[in-house]
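> Chain by chain, the residues run as shown.
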Amino acid sequence: MNQIITATLAFGLIGLAFALLLAFLNRKLKVPEDPKVKEILNILPGLNCGACGFSSCKSYAQNVAKNPDKFKPCRPGGDQVNEKVLALIGKKRSSQKQEKMIVVCRCGAEEKDKKTSIDYQGLPNCQTAHAMGGAIDCTYGCLAFGDCKEVCPANAITIKNKKVHIDQKKCILCGKCIEICPRNLFKMIPNKNLGNYFVACQNKDKLKEVKDVCSRGCIGCGLCTKVENSPYQIKENLSEINYDQVQKKKPVEEGKNKCPTKCIDSF
Amino acid sequence: MKKQQILKGFWEQNPIFRQLLGMCPTLAVTTTAENGLAMGLAVIFVLFFSELAVTSIKKIVPHQVRIAVYTVIIATFVTIVDIFLKAQFPQISKNLGPYVPLIIVNCIILGRCEAFASKNKLSNSLLDALGMGAGFCWGLLVLGSIRELLGAGNIFGFKLMPAGFNPLVVMILPAGAFLVLGFLVALMNRVEQWKT
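Chains U and V supply the protein sequences, listed in that same order. Taking my numbering, the leading residue of the first sequence gets 953, the next gets one more, and so forth. Taking my numbering, the leading residue of the second sequence gets 10, the next gets one more, and so forth.
Keep in mind the hints are simulated off the structure, nothing from the lab. These numbers come from a predicted model, not from an experiment. Be a bit skeptical, because a hint or two may be false.
[What the hints assert, rightly or not] Here are the in silico distance ranges between beta carbons for each label pair:
| no. | chain 1 | residue 1 | chain 2 | residue 2 | range |
| --- | --- | --- | --- | --- | --- |
| 1 | V | 166 | U | 1041 | 26 to 34 Å |
| 2 | V | 178 | U | 999 | 31 to 39 Å |
| 3 | V | 178 | U | 1136 | 26 to 34 Å |
Even for Gly, the Cβ is constructed at its ideal location relative to N, Cα and C.
Just need the whole structure built from these sequences, with the hints factored in.
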């Protein structure tokens, strides 16, 4: 018992003495922080998603407060947040409005569509599976282990029947899924409120090779390009939409309906 | 006796090259000579005052809680260094990053407190701290200088290599730290062999 008391007392007193010393020095050597940093930080969404190029919302706030001239908008925050931040650092909002974008996954095949003759037994993540040659026959398609789901800070990605679904209401456009996907399936497309069509296939092989591995792949037949005013074009055996040409919904929709493998999707 | 006390840490028992202690800051922060020197000075400060504190309270600290007490003492002085660097040398503080707080768990300091300061009298402990600290400091300085010279072509920011010199980027990457440290340890061993 005696030992416990001496140990506690000695430890407590020494701790107290050093704590007082530190408290005193902390007061003396305090580094003043720009109060704006805290205010900006309070406005930001606080997701630390990294879409702005800084490692965290805090370092973004520090940089914006330090160099207001180098202001870059916070994409997940949207116009509302950016306006507030700009007002705080005393800058006018730039005239150009951010173009609205959405992120899509360009593989529309579900489990029943993708042929699988490989019995993949490796680590259950896309990076490894891709490096090993893939867990499905198609070398372009979604491996569906969910690296994108893991990395998404907004929980906007779900995987059903081995197909990626993106909840556009939750998506904050941070672009992390675009970076992580080893098959480069994610893409940002302009949101034109015209149905947001996109070609949900990345397979650049020819008809037979595509048919051999997937029943929903784009075979490059070019039927979608045959409609009037078609925004579609065939590049490397793959249909592509030229979004600058999309003015009306009709030609895009007609092209979609013509597709024999139903590989054109929309949001 | 006293002269040997100080020299021991400087050469014969050099913390980096002979005891191979404190490898974390040794390998991580010696990308430039400046960073190495700053880390070395920080360690000298912490080592000196920690040994001072430990040796002066060794009679009142019960044996069972001594390690916890040492940790508290070391943590206090490391925190002082940390806030001092932040206030006075923000750039260096940024370069050293988390390695300043990590001095707390640096085995040289805890090792010297436990193995030396808790058993020896005040003056010898202080000399030991200075010797060990200086030994650590010059080790980091040499390591940092070589890596900066080969990896960026300058020392302390001054250009030393001729214009046509192509920097070996590997030297400022972690692999370079292991390479340089390995060669220096080998060199030290050789020198010791020649002596005998």
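> Next, verify each hint and record whether it holds.
Comparing the hints with the structure gives:
1. Taken as a hint, the range 26 to 34 Å holds for the pair residue 166 of chain V and residue 1041 of chain U, whose Cβ atoms sit roughly 33 Å apart.
2. A beta carbon spacing of about 34 Å between residue 178 of chain V and residue 999 of chain U agrees with the range 31 to 39 Å that was offered as a hint.
3. Look at residue 178 of chain V against residue 1136 of chain U: about 28 Å separates their beta carbons, and that is inside 26 to 34 Å.
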